[in-house]
Amino acid sequence: MTEPSTTNPTALAVEMRRVTKQFPGVLANDCINLQVAYGEIHAIIGENGAGKSTLMSVLSGLLKADEGEVLLKGHPVRGRPHLVSRRGLGMVYQHFMLVPNFTVAENVILGNEPGDRVHLDLRAAEEAVRRLGQDYGLNLDPAARIEDLSVGEQQRVEILKVLYRGSDVIVLDEPTQVLTLQEKNELFETLRCLVRDGRTIIFITHHLEEVMALSDRVTVLRRGRVVASLAIQDTDIATLAQLMVGREIGPGEKRTGDVTGDVVLEVSDLTAVSERGLQALDGVSFGVRGGEILGLAGVEGNGQRELVETLTGLRIPSGGEIRIGDQSTHGWSPRQFLEAGVAVIPENRRVRGVVEPFTIAENLVLGRHWKRPFSKGWVLDLGAMEAEAKSLISDFGIVPPDPEILVRTLSGGNQQRVVVARELAKKPVVLIAAHPTRGLDIAGRQFAHSCLLRERSLGAAILLVSSDLEEILDLGDRIAVIFEGRITGILPREEASEGKLGLLMVGARR
Amino acid sequence: MGDSGVALFFMTLLVSTLRKATPLILASLGGFFSEKSGVVNIALEGIMLFGAFVGAVVAQTTQNPWLGVLAAAGVGGAVAAIHATASIWFRANQIVSGLGVNLLAVGATIFLCEVYTGGQRSFMLSVSEKLPRWGPFLPLVYIALLMVPVVYLMVYRTRQGLRLRAVGEHPEAARTMGVDVQMTRFWAVVISGVLAGVAGSFLPFFAGSFAKNMTNGLGYIALGALIFGRWTPWGALAASLLFGSADALQEMLQGRGGVPSQFFQMVPYVLTMVALAGIVGRAIPPRALGIPLRKE
Ligand SMILES: Nc1ncnc2c1ncn2[C@@H]1O[C@H](COP(=O)(O)OP(=O)(O)OP(=O)(O)O)[C@@H](O)[C@H]1O
Ligand SMILES: [Mg+2]
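Keeping their order, the protein sequence lines are chains A and B.
Residue numbering for the first sequence is 1 to 510, as defined by my numbering.
Residue numbering for the second sequence is 511 to 806, as defined by my numbering.
The hints are simulated quantities; they were obtained by calculation from the structure and are not laboratory data.
Misleading hints may appear alongside valid ones.
If you want the footprint, here are the derived chain B segments under chain A, 3+ residues with CB under 8 Å [claimed, not checked]: (1) 648-656; (2) 686-693.
Short derived list, chain B residues pointing at chain A, Cβ under 7 Å [unchecked claim]: (3) Gln630; (4) Arg631; (5) Met664; (6) Ala683; (7) Arg740.
Quick reminder that beta carbons are idealized off the backbone N, C-alpha and C, glycines included.
Please construct the entire structure, taking both the sequences and the accompanying hints into account.
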């Protein structure tokens with residue numbers, strides 16, 4: 001690790017000069033200048049597709065800029081990720097870079113293994129990881145496998161990776177989008193502690209209150225350009241929002257009217273077993289009425305994923321019952337759930353949400369593609385698909401607005417929009433929405449919220465799974481909390497508060 | 511058959527099984543290396559054939575079987591390097607590239623054999639009388655068995671092994687951690703070729719002659735053994751022994767009536783399909799198998 005003072009006192013930790021990156025049809029970074037001083041927490045904000053992740057990939061060497069210069073601690077950087085990382089840059093990508101069937105320790109040491117040149121000393125690795133975790137309050141079992149960890153824990157692994165390498169310039173791309181309030185506070189504590197140790201941090205977020213709470217400076221991107229770079233004491237949330245979007249954003253829509261519908265989705269005593277043979281759901285019961293949003297709060301990894309999968313037919317429950325309307329769903333295939341009007345916004349968009357090598361248009365009609373007007377007999381009607389895609393693209397503000405673009409090349413937030421648009425277009429009877437606004441910018445989040453409220457007023461029964469309490473409190477008519485596969489309480493909105501829910505989320509029974 | 515007859519039958523079966531399994535063990539360990547790094551290697555078949563031919567020619571010419579084995583290893587590595595280059599840097603479809611190697615191997619070995627023998631498509635190995643025997647077996651049998659723990663240790667207990675597995679599971683993650691994905695894969699495929707080449711050289715030594723296309727699908731069966739063994743070295747060993755015993759039985763029962771020999775020839779293929787269909791538990795291939803690294 002290099003001490004900032006010993007390198008070059010006048011130099012910046014990161015300096016990007018006139019960086020330009022063109023993708024086919026999209027100018028992702030347009031002559032960007034960025035300066036980050038040593039010991040600073042620097043926030044980068046901007047709408048979905050503004051070019052934040054691209055800029056960070058240029059910095060880490062994963063992408064090559066078409067033009068411009070990148071200096072890391074005064075040294076030029078050119079498209080070689082391992083050299084850049086050896087210079088002290090550590091990157092936590094928006095989509096985690098972890099080998100799922102490796103242990104925590106294996107992931108942390110990969111590429112930088114302790115011991116002699118040949119022998120892999122896993123014992124030493126686990127010890128080093130444990131010690132590092134203790135030093136920074138990132139507690140993890142070094143021998144646990146990544147696929148068994150919650151997203152919050154996986155993120156801790158990513159940070160450990162960076163620390164293990166002794167990186168002193170650390171980039172985090174939307175690190176808070178999967179965290180609960182509690183986990184978020186822990187993360188911020190860790191970050192502050194890192195800065196006190198002389199490290200420099202760049203982080204990307206869509207939550208402006210996080211920017212205000214954590215950072216020293218903020219740089220705002222809009223459509224690939226820098227529109228402002230400000231010290232935090234010289235700005236406020238409203239100004240930042242205005243800068244980001246280029247116009248004023250009104251307050252979000254609110255829930256109105258009482259719930260009067262019948263119970264449409266009824267779950268009784270549901271149990272399910274996870275891949276590893278653990279009891280993932282342990283007697284879950286609840287009902288959702290038509291025209292009602294039931295919020296499901298909880299720390300990631302407490303059975304939410306398994307619940308969503310059983311409710312859509314992807315996982316066969318080991319016991320209990322799911323009723324939709326007056327039908328039992330026993331033995332149903334995912335297709336039957338679909339035909340019964342169940343739509344789902346899955347938690348992991350890249351795994352379950354989109355088919356990355358397909359175009360936007362193809363992704364938008366998936367699940368309806370065998371029906372009119374998209375299919376006539378055996379033949380797809382490409383014209384109808386394109387027309388539908390165009391209208392959804394403009395409704396949901398998907399960028400770039402071209403139905404023929406591959407979803408793989410979309411920014412994280414725009415992939416999310418594709419999923420949300422498709423599922424809402426199904427006119428669902430039951431909507432299972434897991435983290436529907438994950439990765440969306442302010443406007444996108446508001447739009448998705450108003451869509452959920454519209455479906456509610458149209459009479460859909462909505463289960464909203466989220467780790468974001470604010471979202472759940474804004475939208476939910478009632479709020480259930482899940483902990484270790486059990487529902488620890490269901491509160492009407494009026495009785496729910498962050499404090500009460502927080503207690504239930506760590507297992508206190510009501 | 512009396513008691514001693516039964517005992518003899520099983521002894522013969524055991525010895526014959528080990529002999530039949532030897533090339534399968536070596537080649538499936540080769541396949542293990544390649545596939546663990548994320549490169550499909552159906553070129554095993556062609557590489558074995560090259561190994562068989564070159565091993566036989568060099569052993570015959572120098573009258574030294576060990577030099578034959580060494581040459582087979584070399585040519586195996588070299589041919590594998592072609593497959594590796596095409597599929598890693600030129601991002602060719604790995605099945606197509608592998609098939610290309612296999613077709614080339616059939617044609618090239620026939621042609622070279624005719625050149626070597628002056629028009630024949632097979633030749634006897636006079637060196638085979640001089641082959642060393644340790645107990646009932648050629649030394650290669652023991653070497654194959656020894657390779658199982660060696661390969662296991664290389665892949666699971668060394669830092670290069672960790673990188674190799676990472677590259678086969680999540681190449682992007684490995685790349686961001688400073689691992690050279692393409693070079694790691696390249697060397698994995700080359701080692702795979704070395705093992706398959708040696709596996710091939712066993713065939714003419716064992717048969718006492720080289721004949722055209724003498725692998726006759728063994729490379730594919732080795733790949734089957736790898737899959738049936740769920741992409742682990744010990745599993746590949748067990749599957750090779752199982753497939754070897756089917757072959758040995760088939761040979762011993764030939765002409766005795768009862769079960770037609772084709773039935774036993776079918777066994778490896780049927781079991782591989784059973785494994786792929788997930789009937790005996792799920793075989794999970796490396797996640798990035800067959801997918802070249804994308805740099806943009
Ligand atoms: N590999 C690629 N090929 C083509 N276009 C791309 C590629 N990667 C990104 N883009 C485009 O570049 C633009 C910027 O993408 P980027 O991922 O940097 O956005 P972002 O600011 O991180 O957005 P988000 O908040 O949604 O994550 C987007 O319009 C995207 O479609
Ligand atoms: Mg991004």
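Using a Cβ cutoff of 8 Å, are there at least 3 residues of the stretch 648-656 of chain B near chain A, or does the coverage claim fail? violated (count 0)
Coverage of the stretch 686-693 of chain B by chain A (three or more Cβ within 8 Å): holds (count 5)
Does the nearest C-beta of chain A fall within a distance shorter than 7 Å of the C-beta of Gln630 (chain B)? This interface hint is violated because 47 Å lies over the 7 Å limit.
Restraint check, 7 Å cut-off on beta carbons, for Met664 (chain B) near chain A: violated (9 Å)
Under 7 Å is the threshold here; is the Cβ of Arg740 (chain B) close enough to any Cβ of chain A for the hint to stand? violated (13 Å)
Under the criterion of a CB-CB separation shorter than 7 Å, is Ala683 (chain B) in contact with chain A as hinted? Cβ of Ala683 (chain B) sits 4 Å from chain A, so the hint holds.
Please check whether Arg631 (chain B) passes as an interface residue: C-beta within 7 Å of a C-beta belonging to chain A. violated (45 Å)
Going down the numbered hints, you'll see the structure goes against 1, 3, 4, 5 and 7, while the others check out.
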